[in-house]
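Okay, here's what each chain looks like letter by letter:
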Amino acid sequence: MSLDFHEQITMLSNQPILLCYHCHKCTAGCPVVEEMEFGPDRILRMVQLGERERLLKSRDIWLCAACETCGTRCPNGIDIAKVMDALRLEALRSGVTPAEPDAAKFHKLFLFVVQTLGRSHEASLLIAYKLWTLNLLADMDSGLQLFVKGKVPVLPKSIKGRDQVRRIFLKSAEAVAKENLPSANPASAQEAK
Amino acid sequence: MSAYTYYPGCSLESTACEYDASVRAVFNALGVELHELEEWNCCGASSAHSLNPVLALALPARNLALAQPLGHDLVMPCAACFNRHKSADHALRHDPQRRKELEDIVGFNYQGNIAVRPLLEVLTIGVGLQRIRERVKQPLAGLKAVGYYGCLLVRPPQVTQFENPENPRLMNQLLQALDAEAVEWSYATECCGGGLSLTKSNVAARLVNRLAERAREAGAAAIVTSCPLCQINLEMRQSGTQKLPVFYFTELMGLAFGLPEAESWWSKHLINPRPLLAELHSSRLAAAA
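Note that the protein sequences, when read in sequence, are chains Z and F. First residue of the first sequence: 1, per this note's numbering; consecutive thereafter. First residue of the second sequence: 1001, per this note's numbering; consecutive thereafter.
Quick caveat, the hints were computed from the structure, so don't treat them as lab data. Positions of the beta carbon are idealized from the N, C-alpha and C atoms, including for glycine. Possibly wrong hints are sitting among the right ones.
[Claimed, not checked] Computed cross-link-like contacts, BS3-like style, restricted to lysine-lysine with a CA-CA straight-line distance of at most 25 Å:
{"no.": "1", "chain 1": "F", "residue 1": "K1268", "chain 2": "Z", "residue 2": "K149"}
{"no.": "2", "chain 1": "Z", "residue 1": "K149", "chain 2": "F", "residue 2": "K1243"}
{"no.": "3", "chain 1": "Z", "residue 1": "K151", "chain 2": "F", "residue 2": "K1100"}
{"no.": "4", "chain 1": "F", "residue 1": "K1100", "chain 2": "Z", "residue 2": "K178"}
{"no.": "5", "chain 1": "Z", "residue 1": "K151", "chain 2": "F", "residue 2": "K1137"}
{"no.": "6", "chain 1": "Z", "residue 1": "K130", "chain 2": "F", "residue 2": "K1268"}
[To be verified] A few chain F residues facing chain Z, derived, Cβ under 10 Å:
{"no.": "7", "residue": "Y1110"}
{"no.": "8", "residue": "N1113"}
{"no.": "9", "residue": "I1114"}
{"no.": "10", "residue": "V1154"}
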């Protein structure tokens, strides 16, 4: 346990996590709290207490739908969805296996398609996602309906500026690797454990 | 006559193609110029901000760089695209350090001369309800519908700068301008779980069916939205025998304007809206007789 973790997530999310006095407005309004292990206000408490391992391994950070209801209602102006973003980023950078692996796979594939084409392409994304998660049969009926209705173009459409888009991906990856990130530095990562 | 730059976004090229078609048809009918931004890229949606906060701002920043020399406000039909572009614009406008970083990554100088605006606001306030009312040829009298905004159009309010995040009114005002009956309910900005639709479909289904149930309880026969992620999630994950069709608000505008192409949009829906529209039509004929 270390307070460094609290400082790190505060910096990364740019949110005043310490101001939380647990009024539970966030948790009361959270649409997915029933599926969560802890729920938003306990997540904030655990960040305050530096419970790094439990947080990064928790399914809650992947279940957050980023609906922003919590942050909108927080009397202390804490945008909790940004804290969830910071925790996800930290989990990935630390090599923690996501507790909800499908969500992480989906986001990675989505970004891979955008990095390649400059735009998303549903057909490629869905097929790749199904293959990677081995979840081949889910939603076959509605997927087929969308295809029959001509709503998922088979051929991908790419833009001329996809090299610029790739450059944005590269530079953003570099930026996030060095910015406000004690754990990117092996010495302080060690300390955080 | 004002003109707008149009950013359709990836969904409107595929699963929300009827949204795109109805947007273009409605602008054409109102005589408002809409020019698609050339060479636009994906905004990164929820995936970018889930994995890399810098990328989540840099991807939309490239579109802002492309749009600013054109000098027109950038119109976003998709709530997720709007949210991402508005977040990037907010950071560029208010955070000098972030601005420098984004300008370097994208290779441009931010001017701040154009606004990122959601389609619903552009049509109801920019173009105006009065002009919309004047264009109505087939009033939607008898159509009972709830307006549904979802999350990303309204939250977080300090970024979206949309109207009251707990009780927005624009959708109801629009429905009333089309002479439809805007049914009041308490769930207009509750999350439908669209972001989890593929990865946690059981969670999304629970949220969708709760919304549909609340809409039925309020007496609505349809849900009206402006978000392509909500629309497909609400139609794909609804179960039961009394499914409510989910319309894009621009589809209802096209219908009320009497546009012939509206007929081609209905077959794109996963929940067939034709029985409801036929019912509406026959009750209108009965009332006229």
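Evaluation of the provided hints:
Straight-line distance between C-alpha atoms of K1268 (chain F) and K149 (chain Z) comes to about 6 Å, which keeps the hinted pair within the 25 Å bound. Using a Cα cut-off of 25 Å, the hinted pair K149 (chain Z) and K1243 (chain F) holds, with the two alpha carbons roughly 19 Å apart. The straight-line distance between the Cα atoms of K151 (chain Z) and K1100 (chain F) is roughly 39 Å, outside the 25 Å bound, and the hint therefore fails. For a cut-off of 25 Å, the pair hint linking K1100 (chain F) to K178 (chain Z) stands: about 16 Å separates their Cα positions.
Taking the CA atoms of K151 (chain Z) and K1137 (chain F), the gap is near 30 Å; set against the 25 Å cutoff, the hint is violated. For the proposed pair K130 (chain Z) and K1268 (chain F), the alpha carbon gap of about 24 Å is at most 25 Å, so the pair holds. With a least beta-carbon distance of about 15 Å to chain Z, the hint placing Y1110 (chain F) at the interface is violated under the 10 Å criterion. Taking 10 Å as the C-beta cut-off, the interface hint given for N1113 (chain F) is violated, the closest approach to chain Z being about 21 Å.
Against a cut-off of 10 Å between C-beta atoms, the interface hint on I1114 (chain F) is violated, since the closest Cβ of chain Z lies about 19 Å away. About 8 Å separates the beta-carbon of V1154 (chain F) from the nearest beta-carbon of chain Z, less than 10 Å, and the hint is met.
Comparing the model with each earlier hint shows violations of hints 3, 5, 7, 8, 9; every other hint is respected.
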